[in-house]
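Colleague: Chain residues, written in single-letter form:
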Amino acid sequence: MVQMGVIFLTRTKLHGFTTHSIPRSVAKNGNPLHKCLQGLLEREQQGSLMGLLCATLSLISDRELIEDFEEGSRFNYQDNKLAEEIYPSVFFTHEKLYPDELDSASKHIDAFIIPTGAEIIMSTRADDICDLFISILSD
Amino acid sequence: MVDRYHLVSMQINNFKGLQKVELDFTKNGKPREIITLFGHQGSGKSSIILAFQWCAYGTSNVKKEILYRDRIYPDYWENKPNDVIGVLIRFRPLGGNSDGSEDIYCKRTLDPNNTLDNLEVTIGSDIVDPKKSKEYFTQIFGSRPSQNDGVMWVIRKEEMRRMAKTFANKKDSYYLDFMNLNVPMAGLVELNKAHKRKIDRLLRKDTSVTTDDLTAIISKVKTQGKVLKKMNEKIKLISDDPKNKLTTDDENLLENKENFESVNEKLNQSNENLKKLLIKNDELPELLNTLLVSKLRTEKISIPKSFSSREIDWEEIATILESMSIIDPFVIAEIRNIKIDSLYNTYSLLNSEGKIQEWISRLEKLKSANQENREHRVIIEDYKQLGITEESTKNVFRKKMHTLEAQEKLTSLKRDRIDTRDDFMSLRQEENRIRSALTSKSKSKSDVEKHSKIQAIIEAITSSIEAANQKYLKEMFDLTLERTKFFWKEIDLIKKYEPYLESEPSPELCLLNKSNRTIRRIEIDSQGDASGGESQLLLVCTCLAVSESSGAKMPIILDDCFTDVDKDTRKKLINVVSDQFGSMIFVTNDEDKAALLPSVDKLVLTWKDTNIESINTDSNDSWCRWE
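Protein chains in written order, with my numbering: chain A, 19 to 157; chain B, 23 to 649.
Calculated from the structure, these hints are not laboratory results. All C-beta atoms, glycine included, are put in the ideal place defined by N, C-alpha and C. Warning: the hint list may mix true and false statements.
Just a sample of chain B residues kept apart from chain A, beta carbon distances all over 10 Å, derived [as the list claims (entries may be wrong)]: (1) THR48; (2) THR160; (3) LEU259; (4) GLU273; (5) GLU280; (6) GLU287; (7) ASN395; (8) GLN429; (9) GLN477.
Cβ pair distances, simulated, as ranges [said to hold, decoys possible]: (10) A:ASP145 - B:LEU372: 51 to 59 Å; (11) A:ASP145 - B:THR320: 17 to 25 Å; (12) B:GLU287 - A:ASP145: 18 to 26 Å; (13) B:ASN274 - A:ASP145: 33 to 41 Å; (14) B:LYS416 - A:GLU82: 48 to 56 Å; (15) A:ASP145 - B:GLU356: 47 to 55 Å; (16) B:SER284 - A:ASP145: 19 to 27 Å; (17) B:SER390 - A:GLU82: 27 to 35 Å; (18) A:ASP145 - B:ASP335: 42 to 50 Å; (19) A:ASP145 - B:GLY376: 21 to 29 Å; (20) B:PHE352 - A:GLU82: 28 to 36 Å; (21) B:GLN429 - A:ASP145: 26 to 34 Å.
Please take these sequences and the hints and turn them into a complete structure.
Modeller: Below, the structure is given as structure tokens:
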């Protein structure tokens with residue numbers, strides 16, 4: 019299990035990534051965050067998949083969640099055929115890992131889980147993310 | 023120049039048998055008109071005459087001639103020069119001062135260390151310069167015969183014999199020999215021949231080249247020169263072009279190119295490999311599911327099997343059950359109310375459980391590929407820092423190829439230039455050859471013209487001289503013949519004949535009978551019908567006439583040449599010669615002949631002592647005496 023440092027992201031700092039359902043940094047148009055994934059993912063990623071990647075990273079890591087309530091969830095997980103193959107798993111896992119969460123799953127994922135995942139991508143090298151994956155899979 | 027000279031004295035040193043002889047020809051301080059030289063055979067008469075002749079004409083280098091150097095040496099010298107040979111003759115002009123102030127001293131000497139004679143003339147007490155001395159010698163003694171021995175003022179039997187055989191105004195005649203006109207003519211003829219030879223030689227040198235050949239070759243040289251110049255410019259352009267030269271940086275680039283390309287190739291392979299291993303869009307859901315299921319398993323959370331509304335169509339099931347009418351409509355309504363959202367679909371999660379190992383393996387490969395890729399990128403970056411990039415190496419390689427092409431082109435051009443230069447040089451050589459030939463031709467032409475002009479002038483001069491000579495000689499010959507007749511008339515006492523020149527078949531001196539016009543030929547070698555006395559007299563007259571014509575001023579020497587004429591005629595002859603020539607020497611070994619003129623003193627030579635090798639008048643004062 020890779021130990022990741024917790025980086026507290028202020029609302030202002032995350033503003034750019036949380037005004038939409040997925041962080042702008044991992045959107046198709048490309049930005050520094052997306053570049054962080056070079057060496058791991060193919061460049062042209064679909065936005066919804068990137069959001070789900072952020073969510074997965076957050077769920078599988080032990081990172082303390084950061085919060086961003088500003089935007090709320092506007093992400094339609096069903097707008098992408100590939101996303102349909104993953105988002106039930108994300109919601110299921112979220113339900114199991116956060117059984118006591120009072121907010122709806124969507125709201126919590128949008129406001130906490132995805133921003134935390136984006137933070138992990140921003141603060142972690144692709145190699146380390148790869149190591150994290152291998153570590154999770156090897157447990 | 024006076025007309026004639028008298029003999030005053032003579033000094034002889036080391037000439038033949040005369041070691042030291044002084045002869046005085048004067049009487050009471052005055053020169054004698056007639057000198058009778060009497061002496062028996064071997065007394066030295068002929069040596070004295072030869073001493074006169076040697077003083078006049080000098081030493082001969084021709085062995086057969088009587089004045090050949092070995093012949094004039096005293097016998098006891100044994101043919102080797104030992105001392106100075108010298109003869110001094112003192113003359114006084116006819117009617118000259120008796121004090122000797124006008125006397126001319128002609129001196130010839132031969133030093134043993136010299137091969138040439140030395141001439142010296144003194145007039146009174148003044149020494150004349152050498153050139154002038156030579157002229158005096160020629161004027162007094164006349165020119166030396168051009169072809170044979172002989173002298174015109176000594177009349178001996180041999181002179182008379184030759185005169186009889188060759189008297190004519192034609193080539194090789196005894197007459198012409200003494201007239202001494204052949205020398206300039208021979209010189210001119212020789213000169214003319216030399217010019218002809220030169221012209222022939224120059225004409226043979228002529229070559230077949232023309233100025234057209236020169237024009238053509240100059241044009242070729244120019245064309246070839248231009249080609250060569252262009253080649254040189256091209257070579258310089260290529261050599262000087264920096265694009266055709268590799269710099270030190272280029273060399274470094276080329277040195278590292280191979281390693282760089284190897285690393286770059288590895289990087290490209292690594293990129294390709296990485297690209298294959300990178301997680302694609304359609305693979306991502308499976309990876310994420312695998313990760314989530316792993317997480318759930320780690321957290322020991324069970325995953326129930328669920329179905330999504332897409333997997334089970336509850337409405338269709340309700341419709342089918344309703345049509346069967348065996349199920350309670352309430353139940354059917356409940357079935358219809360089942361919502362898919364009420365359960366999370368775990369199908370994908372469960373389905374991805376079997377993919378974990380695959381993903382571990384895939385991710386490890388991806389990680390390794392990333393590391394490898396990164397290492398290659400670092401090396402490539404290092405190269406980049408040194409300016410070695412794919413582009414720069416390609417550029418330098420292109421430059422190298424370009425340089426090689428340029429070098430190849432340069433080598434080819436230089437090779438061609440050698441050929442072109444060789445052609446150019448051989449054309450230049452040909453041009454020089456043609457120029458030289460033309461110059462030579464031109465020079466030859468000009469020389470031929472020059473020599474032709476000279477030749478023409480020589481021919482004209484020769485022709486003129488020949489014509490003048492012919493005229494002069496004819497006149498002189500006629501005059502000589504007239505003088506011969508004069509002498510004959512003066513001397514001959516019979517008056518029956520007169521000298522006559524018979525021209526056919528060849529010129530011949532004869533005697534014409536004045537009364538019957540018959541001819542009597544000279545008796546010589548038992549031929550001819552004239553008497554011995556008549557023949558001798560005719561020849562003596564002819565010799566006297568020739569001597570007169572030759573212009574020599576030397577007194578006549580009659581060397582016992584009229585043995586066959588009668589006593590009265592002899593007397594007459596001596597008197598006539600003495601009258602005509604001013605003075606004379608009559609040489610005889612006959613006492614009767616010597617006594618012909620009782621009033622004339624005789625210079626008597628006596629040499630009876632055979633033990634004496636040579637005459638020295640200091641010690642042999644009895645050798646000669648006047649009687």
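Colleague: Given the range 42 to 50 Å, decide if the beta-carbon distance of ASP145 of chain A to ASP335 of chain B lies inside it.
Modeller: Because 46 Å falls inside the window, the suggested range holds.
Colleague: CB of SER390 of chain B to CB of GLU82 of chain A, is that within 27 to 35 Å?
Modeller: Roughly 32 Å apart at Cβ, these two residues keep to the hinted range, so it holds.
Colleague: Falls inside 26 to 34 Å, the C-beta gap from GLN429 of chain B to ASP145 of chain A?
Modeller: 50 Å, violated
Colleague: Would LEU259 of chain B pass as off the interface with chain A, using Cβ distances and a cut of 10 Å?
Modeller: Label holds. Min Cβ-Cβ 51 Å, cutoff 10 Å.
Colleague: Tell me if the beta carbons of ASP145 of chain A and THR320 of chain B are separated by a distance inside 17 to 25 Å.
Modeller: 22 Å, holds
Colleague: Given a hinted range of 48 to 56 Å, is it respected by the beta-carbon distance of LYS416 of chain B and GLU82 of chain A?
Modeller: 52 Å, holds
Colleague: Quick check for students: does the CB of GLU273 of chain B sit more than 10 Å from each CB in chain A?
Modeller: 37 Å, holds
Colleague: Do the beta carbons of ASN274 of chain B and ASP145 of chain A sit within 33 to 41 Å of each other?
Modeller: 35 Å, holds
Colleague: Is the claim that GLU280 of chain B lies outside the interface with chain A correct, judged by CB distances over 10 Å?
Modeller: Since the minimum Cβ distance to chain A is about 29 Å, GLU280 of chain B lies beyond 10 Å and the statement holds.
Colleague: Within 19 to 27 Å or not, the Cβ separation of SER284 of chain B and ASP145 of chain A?
Modeller: Between SER284 of chain B and ASP145 of chain A, where Cβ atoms are some 26 Å apart, the hint holds.
Colleague: GLN477 of chain B: least C-beta distance to chain A exceeds 10 Å?
Modeller: Given that every Cβ of chain A is farther than 10 Å from that of GLN477 of chain B, nearest at about 113 Å, it holds.
Colleague: Say whether it holds or is violated: GLN429 of chain B keeps its Cβ farther than 10 Å from all Cβ of chain A.
Modeller: With a cut-off of 10 Å, GLN429 of chain B remains clear of chain A, as the shortest Cβ separation is near 46 Å.
Hint violations for this structure: numbers 7, 10, 20 and 21, all remaining hints satisfied.
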